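Peer 1: Chain by chain, the residues:
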Amino acid sequence: DAGVTQSPTHLIKTRGQQVTLRCSPKSGHDTVSWYQQALGQGPQFIFQYYEEEERQRGNFPDRFSGHQFPNYSSELNVNALLLGDSALYLCASSLDGLPWEQFFGPGTRLTVL
Amino acid sequence: GQQVMQIPQYQHVQEGEDFTTYCNSSTTLSNIQWYKQRPGGHPVFLIQLVKSGEVKKQKRLTFQFGEAKKNSSLHITATQTTDVGTYFCAGRTGANNLFFGTGTRLTVIP
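Line by line, the protein sequences are chains A and B. Per this note's numbering, numbering of the first sequence is gapless, rising by one per residue and ending at 316. Per this note's numbering, numbering of the second sequence is gapless, rising by one per residue and ending at 141.
Just so you know, these hints were derived from the structure itself, not from any lab. Be aware that one or more of the hints could be misleading.
[Unchecked claim] The following label-pair restraints were derived from C-beta to C-beta distances: (1) B/LYS90 with A/ASP265: 43 to 53 Å; (2) A/LEU242 with B/VAL75: 11 to 21 Å; (3) A/ASP233 with B/PRO141: 40 to 50 Å; (4) A/SER230 with B/SER83: 27 to 37 Å; (5) B/LYS87 with A/ASP233: 24 to 34 Å; (6) A/LEU214 with B/GLY72: 12 to 22 Å; (7) A/ASP233 with B/LYS90: 24 to 34 Å.
[What the hints assert, rightly or not] So these bits of chain B aren't anywhere near chain A, every CB distance computed over 12 Å: (8) GLN42; (9) TYR53; (10) ARG91; (11) LYS101; (12) SER104; (13) ILE140.
Small disclaimer: the values here were computed from a predicted structure and weren't measured. Each residue gets a CB set at the ideal place from its N, CA and C atoms; glycine is no exception.
Whenever a hint applies, use it, and build me the whole structure from the sequences.
Peer 2: Dropping the structure here:
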């Protein structure tokens, strides 16, 4: 039983570019949440997807958008990258109704130059 | 907005010593979770506390939720080198998303 998987592991982009990160939830999970973790900080909630729709959103600009597919996998898109977007992007999956049983993926380390 | 603060930010202990990290929220929480993140790793769920004054134990780890549901603590007895990592609390108000604390980075000196 695979846990949460994310791709790519590492990514280097330049300012102004766009990036897409991918996440496959743990088997049996239907809810995907995305977090941004800057170096030395705790994860900050970006948004959550359930039934292919954004259900909750944190305090992030519209440059951050996402999508959930029928198979529950999800993408995080960031447009017009800024240096401050450099961070570890974590995907977490859970089952609707059991939000506390949240499993994190290994993350994607994004560096913006 | 909601804030969750943790102290201390860093803690160095000799192996065998005890360790405690404290978590304080600016608002009343419906529940609080604790995570451990090893260096270079991702957060791993440890436990969730829901009830006012709740205390839960996992081997050498003891978790407490304050009576007012605005603070929590994690205590590790007789630390081991495998306890190294950053410990985060994460609070939730109602059905809202999780707010992670600032974390406490634990170093255990052999």
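Peer 1: It remains to establish, for every hint, whether it holds in the given structure.
Peer 2: Status of the hints after comparison with the structure:
no.: 1; hint: B/LYS90 with A/ASP265: 43 to 53 Å; in the structure: holds (45 Å)
no.: 2; hint: A/LEU242 with B/VAL75: 11 to 21 Å; in the structure: holds (19 Å)
no.: 3; hint: A/ASP233 with B/PRO141: 40 to 50 Å; in the structure: holds (44 Å)
no.: 4; hint: A/SER230 with B/SER83: 27 to 37 Å; in the structure: holds (35 Å)
no.: 5; hint: B/LYS87 with A/ASP233: 24 to 34 Å; in the structure: holds (27 Å)
no.: 6; hint: A/LEU214 with B/GLY72: 12 to 22 Å; in the structure: holds (18 Å)
no.: 7; hint: A/ASP233 with B/LYS90: 24 to 34 Å; in the structure: holds (32 Å)
no.: 8; hint: GLN42; in the structure: holds (15 Å)
no.: 9; hint: TYR53; in the structure: holds (15 Å)
no.: 10; hint: ARG91; in the structure: holds (22 Å)
no.: 11; hint: LYS101; in the structure: holds (18 Å)
no.: 12; hint: SER104; in the structure: holds (17 Å)
no.: 13; hint: ILE140; in the structure: holds (21 Å)
Hint compliance for this structure: every hint is met.
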